[in-house]
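*Asks:* Letter by letter, the chains look like this.
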Amino acid sequence: MKEEQATARIFRFDPATDKKPKYQKYGNIPYIGRSVLDVLRYVYEEYDQSLAFRRLCTKGCCGGCAMRVNGEPILACQKLATQEMVIEPHPKFKIIRDLVVDFDEVER
Amino acid sequence: LIAGKEAGERARGMKKVQVDEKQVKELRARTFEPLRREGGVKFIEVKREMEEILNKHFLLTGKTKASLEKGIDEIVGIRKEALPRLYSSVKNLRFNQEFLECIEAFNRVDTIEMLFRAALMREESRGLHFRKDYPDPNPMWLRNVLIQKVGSEMKLWAEPVEFTYFQPEEVRK
Numbered sequence: 409m410k411e412e413q414a415t416a417r418i419f420r421f422d423p424a425t426d427k428k429p430k431y432q433k434y435g436n437i438p439y440i441g442r443s444v445l446d447v448l449r450y451v452y453e454e455y456d457q458s459l460a461f462r463r464l465c466t467k468g469c470c471g472g473c474a475m476r477v478n479g480e481p482i483l484a485c486q487k488l489a490t491q492e493m494v495i496e497p498h499p500k501f502k503i504i505r506d507l508v509v510d511f512d513e514v515e516r
Numbered sequence: 008l009i010a011g012k013e014a015g016e017r018a019r020g021m022k023k024v025q026v027d028e029k030q031v032k033e034l035r036a037r038t039f040e041p042l043r044r045e046g047g048v049k050f051i052e053v054k055r056e057m058e059e060i061l062n063k064h065f066l067l068t069g070k071t072k073a074s075l076e077k078g079i080d081e082i083v084g085i086r087k088e089a090l091p092r093l094y095s096s097v098k099n100l101r102f103n104q105e106f107l108e109c110i111e112a113f114n115r116v117d118t119i120e121m122l123f124r125a126a127l128m129r130e131e132s133r134g135l136h137f138r139k140d141y142p143d144p145n146p147m148w149l150r151n152v153l154i155q156k157v158g159s160e161m162k163l164w165a166e167p168v169e170f171t172y173f174q175p176e177e178v179r180k
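Respectively, the protein sequence lines represent chains R and B.
Numbering-wise (this note's numbering), the first sequence opens with residue 409 and increments by one.
Numbering-wise (this note's numbering), the second sequence opens with residue 8 and increments by one.
Pulled out of the complex, with its shape left as it was, chain R reads as follows (with noise of 0.2 Å):
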């Protein structure tokens, strides 16, 4: 039987090019019972090796992987995926590239 398959737009935007950010549509992810992040690396890993996004502890613990996922804020390795997913940035941070923020803001 054939997984079924999701397909994500995902928030591209590289500030020292890019004027505006633009969302990239990825089909064909294998979805059930992996969580939003495991869903980024297998975009990265199959389709689109220039995609940025934090992918540290795995578990919950450190916070890198916060992002918005369907407008919902949560942690990537933490929240199950879904068949529809619009993965944005966290909304209140700097964007350094893509998914990638810049925290040094909660640091100080």
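Be careful, since some hints might not be right.
Below 25 Å or equal to it, Euclidean Cα-Cα: the simulated DMTMM-like pairs (lysine to aspartate or glutamate) are [to be verified]: (1) B/Lys98 - R/Glu453; (2) R/Lys467 - B/Glu111; (3) B/Lys77 - B/Glu160; (4) R/Lys433 - B/Glu52; (5) B/Lys63 - B/Asp140; (6) B/Lys98 - R/Asp510; (7) R/Lys467 - B/Glu108.
If you're looking for bench data, these hints aren't it; they were derived computationally from the structure.
With the hints as your guide, set chain B onto chain R.
*Replies:* Chain B only, in chain R's frame:
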């Protein structure tokens, strides 16, 4: 405070380490080479090959002399063929995950080779280390395997374990 004082005094008595400029230059070149290269092997491909080697030759219960030697051959093959052609398709220096993983690849190959060589040297079974051709623990191997880089080769030797609190006989009782 005492520790800080001790550390400071000890540091004063130490000699400054000389940095080997040639080595720095070589490492720099090796590190940034994947960014300059326009084509070759991607890290993902190398990673899959490494996983394949470990899955085939480093089984939990199926390790034999032959399989470990085969594994060493294959990982040395990756070191010789894939690593010098490693490239990062993303050239952006801002949070470039692929470039980071290219740097990692060198260390991963080193680690896997050490794993294989040490397992090959330890001709016994102990804990999680199970050799099909030597299924029993051997008291001769109450030793730590140490590995050192000599030139471009790995030098391995075993040193007896220093037991500070318990002796192995006591624990077994």
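*Asks:* For every hint, state whether the structure bears it out.
*Replies:* Hints, verified against the model:
1. B/Lys98 - R/Glu453: Since the Cα atoms of lysine 98 of chain B and glutamate 453 of chain R sit roughly 17 Å apart, the hinted pair holds (cutoff 25 Å).
2. R/Lys467 - B/Glu111: The hint holds at about 22 Å.
3. B/Lys77 - B/Glu160: holds (18 Å)
4. R/Lys433 - B/Glu52: Roughly 24 Å separates the two Cα atoms, so the pair holds.
5. B/Lys63 - B/Asp140: holds (17 Å)
6. B/Lys98 - R/Asp510: holds (21 Å)
7. R/Lys467 - B/Glu108: Distance of about 21 Å is within 25 Å: holds.
Violation of the numbered hints given earlier is absent; every hint is satisfied by the structure.
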